[in-house]
Amino acid sequence: MQTTDVYSKEETKYLKIGFGVALAILVIVGFWLFANNRVTHLEEGNYYPVKARFNRTDGLLVGDLVRLAGMNVGKVVDAQLDENFKAVLTLEVKENVQLPDDSSASIVSSGLMGPKYIEIEPGGSFDMIAPGGEFSYTQDAMVFEELLDRIVGIGKANRQKNKTK
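In terms of this note's numbering, the sequence shown opens at residue 1 and continues consecutively.
Honestly, the hints are just simulated from the structure, not real lab data.
Each hint should be verified, as a subset may be incorrect.
Unchecked claim - Pairs of lysine to any residue, SDA-like flavour, derived with a Cα cap of 20 angstroms:
| hint | residue 1 | residue 2 |
| --- | --- | --- |
| 1 | Lys86 | Ala141 |
| 2 | Lys51 | Val97 |
| 3 | Lys116 | Ser106 |
| 4 | Lys94 | Gly111 |
| 5 | Lys116 | Asn158 |
| 6 | Lys116 | Ala141 |
| 7 | Lys51 | Lys13 |
| 8 | Lys116 | Phe31 |
| 9 | Lys13 | Ala24 |
| 10 | Lys86 | Lys13 |
As the list claims (entries may be wrong) - Restraint-style ranges between C-beta atoms, simulated for each label pair:
| hint | residue 1 | residue 2 | range |
| --- | --- | --- | --- |
| 11 | Ile25 | Asp102 | 48 to 54 angstroms |
| 12 | Asp78 | Leu23 | 26 to 32 angstroms |
| 13 | Arg150 | Leu26 | 42 to 48 angstroms |
| 14 | Pro49 | Asp102 | 37 to 43 angstroms |
| 15 | Lys9 | Asp78 | 32 to 38 angstroms |
All residues carry an ideal CB built from backbone N, CA and C; glycine is no exception.
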């Protein structure tokens, strides 16, 4: 006895509706991801790109702020890995903010558990970083868990040291 897999008209209708809904959801999610991938600045004006290379950027995301002297001067607009597995961030900085070429970029956080951002410390050079240029000095993100491990390790070492005296 041979059976054939034939769907009724009602089952076919529900299958088409299900595929249509699934396709619509995929299109909406794809559009949302594409639209949210674009970083926009809060203030109007022109910006120029500057690159910063870090060993680790834990918690820093594309779209996070770039600050100078506590003031917002730009955003992180792209993140890539280079051939040596270092994170290369592209920052867009306001055009009227000229950065000396010996400036440094550090990944810091607002408070103990706050969001991360890039803080720029201006140097003293008279030469400026050109658009598309790169920071010479960077400081990686400090991971909170690693800091706690270091503190606990120092405490244990001190306790052992005191016991042997």
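Is the Cα-Cα distance between Lys116 and Ser106 20 angstroms or less? Measuring from Cα to Cα gives roughly 10 angstroms; hence the hint holds.
Holds or violated: Lys51 to Val97, with C-alpha atoms at most 20 angstroms apart: Holds: Lys51 and Val97 sit about 15 angstroms apart, inside 20 angstroms.
Lys51 and Lys13 were given as a pair; does the straight-line alpha-carbon distance stay at or below 20 angstroms? violated, 54 angstroms
Distance restraint between Lys94 and Gly111, which requires alpha-carbon spacing of 20 angstroms or less: violated, 25 angstroms
Pair hint outcome, Lys116 versus Phe31 [Cα-Cα no greater than 20 angstroms]: Violated - the C-alpha atoms of Phe31 and Lys116 are around 27 angstroms apart, more than 20 angstroms.
Can the restraint linking Lys116 and Asn158 be considered satisfied, given a maximum Cα separation of 20 angstroms? Not satisfied, since the Cα-Cα distance of roughly 32 angstroms exceeds 20 angstroms.
Given a hinted range of 48 to 54 angstroms, is it respected by the beta-carbon distance of Ile25 and Asp102? holds, 51 angstroms
Hinted pair, alpha-carbon criterion (20 angstroms max): Lys13, Ala24. Please report holds or violated. Distance of about 16 angstroms is within 20 angstroms: holds.
The hint says 42 to 48 angstroms between Arg150 and Leu26; measuring C-beta to C-beta, is that right? holds, 46 angstroms
Outcome for the supplied range 32 to 38 angstroms, where the beta carbon pair is Lys9 and Asp78: Once the Cβ atoms are compared, 52 angstroms apart, the range 32 to 38 angstroms for Asp78 and Lys9 is violated.
Hinted pair Lys116 and Ala141, Cα distance within 20 angstroms: holds, 8 angstroms
Return holds or violated for the Cβ distance of Asp78 and Leu23 against the range 26 to 32 angstroms. With a Cβ separation near 31 angstroms, Asp78 and Leu23 satisfy 26 to 32 angstroms, so the hint holds.
Violated hints, listed in ascending order, are 4, 5, 7, 8, 10, 14, 15; each of the other numbered hints is respected by the structure.
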